[in-house]
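2 protein chains.
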Amino acid sequence: MAQTPFTLFNIPFGVFSTEEAPHPRCATRVGERVLDLKKYAADGGAKDIEGFIPGTFAQPSLNAFAQLSSATRSAVRQRIREDVQGNHVKESCFVEASRTKMHLPMHIGDYSDFYCSLEHCQNCSAHLSMPQIPKNWFYAPSVYNSRVSSILPSPSTFKRPSGVYYKTGTEEAVYGPSQMVDFELEMGYFVSKPVPHGETMNVDDAKKHIFGFVLLNDWSSRDLQMFEMKPLGPFHGKGSATTISPWIVTMDALEEFSVPVKTIQNPPCFPHLAYGDKAKAALNIKLFAYLERAGKRFKISQSNLRYLYWTPYQQLAHHASAGCGLNTGDLMGTGTISGDAVDADGKKLELGCLYEATEGGTKSVRLQAEDGGQAELRYLLDGDEVVFEAWCGDMKLGFGECRGMLVG
Amino acid sequence: MAQTPFTLFNIPFGVFSTEEAPHPRCATRVGERVLDLKKYAADGGAKDIEGFIPGTFAQPSLNAFAQLSSATRSAVRQRIREDVQGNHVKESCFVEASRTKMHLPMHIGDYSDFYCSLEHCQNCSAHLSMPQIPKNWFYAPSVYNSRVSSILPSPSTFKRPSGVYYKTGTEEAVYGPSQMVDFELEMGYFVSKPVPHGETMNVDDAKKHIFGFVLLNDWSSRDLQMFEMKPLGPFHGKGSATTISPWIVTMDALEEFSVPVKTIQNPPCFPHLAYGDKAKAALNIKLFAYLERAGKRFKISQSNLRYLYWTPYQQLAHHASAGCGLNTGDLMGTGTISGDAVDADGKKLELGCLYEATEGGTKSVRLQAEDGGQAELRYLLDGDEVVFEAWCGDMKLGFGECRGMLVG
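Line by line, the protein sequences are chains A and B. If you're matching positions, the first sequence starts at 591 in my numbering and goes up one per residue. If you're matching positions, the second sequence starts at 591 in my numbering and goes up one per residue.
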């Protein structure tokens, strides 16, 4: 199982079906094998664990499982690992991953997308004719609601959207296919424990409210976005499609990769956003973005979740602070995660989208394939595939792929 | 049944429960009586209508019913009316409205709120230090995604939200209870026939995709909104609570109130937004907003759905145009609906929110109760109730109340 993201340290959760058994149900994954948790539980797996309801894994989403107490979920996950390791799971519970179809892992009630990487915001502001990041950005995590109906599980195709935009360099509005389709390198996380409408949550409890993380590609049509942003923010420019990786890596699995934040906040944040355990206020998750074109694979960028100025825990506390309510299965996008590393020539290596890398679409990026082939990239072409990966702790575990193809 | 909104012309649909039978199920309403449609169908009501599945009314939402063909829904609605009128419905199917609890009528997957009244936008822009409405507004309906978890059925209470905002007249950011809670007079409409992800719809088919209309109060915390708007648009300022009236008045019931639009669009809209049947491109629905304070009722404003610059049919076609997908039960807010009528003193009578009426919160509005009592209104006080009503065709039918109370 060398190099698999789905090591025994991982035990992620997802929802799958097969051709023979097309009803979506819950699963975990070990290497190239998918463990059907509906069958596992029906066979008596984890049945003695307090609070565990075996039928939860027969559901077509992980919401029922995520609603159980975190102690129960941890114990179930640990038991699955022990049972796999000890060969206590019947062979008939496993399916080859290549024979499965993955579905959205949770029923998503609301989807909010943040804008919380300082480097990303600095780079974007420079091209948005905003001389600097608006002052409010430093006082609370910036965020908008996005479109649930457009969330797709990896691998997915994304049809080039049409919309209204200004022809490049003019003030002439036209309606037609977007000419500036971009990706955004993000992570997503799902709410486990809900926050009732009208109530708030303590930032120090944030980890209890998060079920786990996925990779998230917030496809963005920059021309539609720039046309429509004033004054209500992004809509179709970002709401036409969002691709997520299908395996949720749990907070339990990620806890050991906790680290301090990268950037000390200045001005200091309000008390309701100050995470107490400074040593564990962020997560060290390495991110990679690739382009696949004409059978070749090109690395576009790398980054790290810990680069975020506003951490997921602060994001969630801010989200809950106005009493809007959070439900199990709600999806949060971290926002594009850019960093500030440069190569010997001063070229930025950690840019989370093409809008940054191409300086607002004005310059092409030259990419090098592993076999030496080259590609030029400005905005995405029909047939381009964008693939994200993420790894923790020297490949101790990973997230698998978040893969999407733009089609005409 | 004089003055009831729920005349026999109406036959709206909703979801209710009672103390004795707490499972939410579908209903219609006639005068002060609620007709339990689960019982009605179980007793054989409408059973011979082609395509009708009696079990759909036993569901806790109207989604299953709304998914049936519009011909089937029309026939069922007509049959219900005939059966009530002919006294063919068992007494045991009726419940006094006062003994029912109303729920959200549909399971809502996504909620989008538009910004489409020219008068509202002109008035707001004037106070938002924008000299004029951005040019993009005239080329496509302006819209943002809002928060599904915060949608409440009338009557509801809305807890004054906390958030980050600038202290009045300063650049000092503070965290605390909003000081500028406002209402917004809107209507909402629900999607019946879905539009699959990646596909678009024809504007002339819009009526087939709309199940019906409700009243919608988009509670707005203006201080939070103004703080957070740049650059991503409204979030907590508008996502903390939205109250809707619980009875959906169907497209069938409203069709006879079709009228031409009030304002000819200039520049002319793109062809994909041009509604063919000009004589029936808008709906004539009279709207009223009241304040209830200390036992007295004050009229705040009146307006009309037909005032919208971008009609609901254009809104829906624009929404679908980028391929984001629309699902049965999706809720659209029309945006605040203001008009330009003035009284003899030049005072504007048709302002859909306090932000407009108080000129950005700088002036109080003086209201007169029917019995001569007076009230001063700037932003809402704890304990204030806001009540919307809407009527069609000289009170031929109405929408009932959309009622919400702000609490501290």
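Treat the hints with caution; some may be incorrect.
Since the list can't tell identical chains apart, any single copy or any two copies may satisfy a pair.
[To be verified] Simulated pairs of lysine-lysine, DSS-like, Cα-Cα distance not exceeding 30 Å:
1. K820 / K797
2. K783 / K691
3. K870 / K757
4. K797 / K637
5. K937 / K637
6. K820 / K953
Please keep in mind that the hints were generated in silico from the structure rather than gathered at the bench.
Hints and how they fare:
no., hint, result
1, K820 / K797, "between (35 Å within a copy, 29 Å between copies)"
2, K783 / K691, "both (28 Å within a copy, 27 Å between copies)"
3, K870 / K757, "neither (47 Å within a copy, 33 Å between copies)"
4, K797 / K637, "within (26 Å within a copy, 51 Å between copies)"
5, K937 / K637, "neither (55 Å within a copy, 70 Å between copies)"
6, K820 / K953, "both (25 Å within a copy, 27 Å between copies)"
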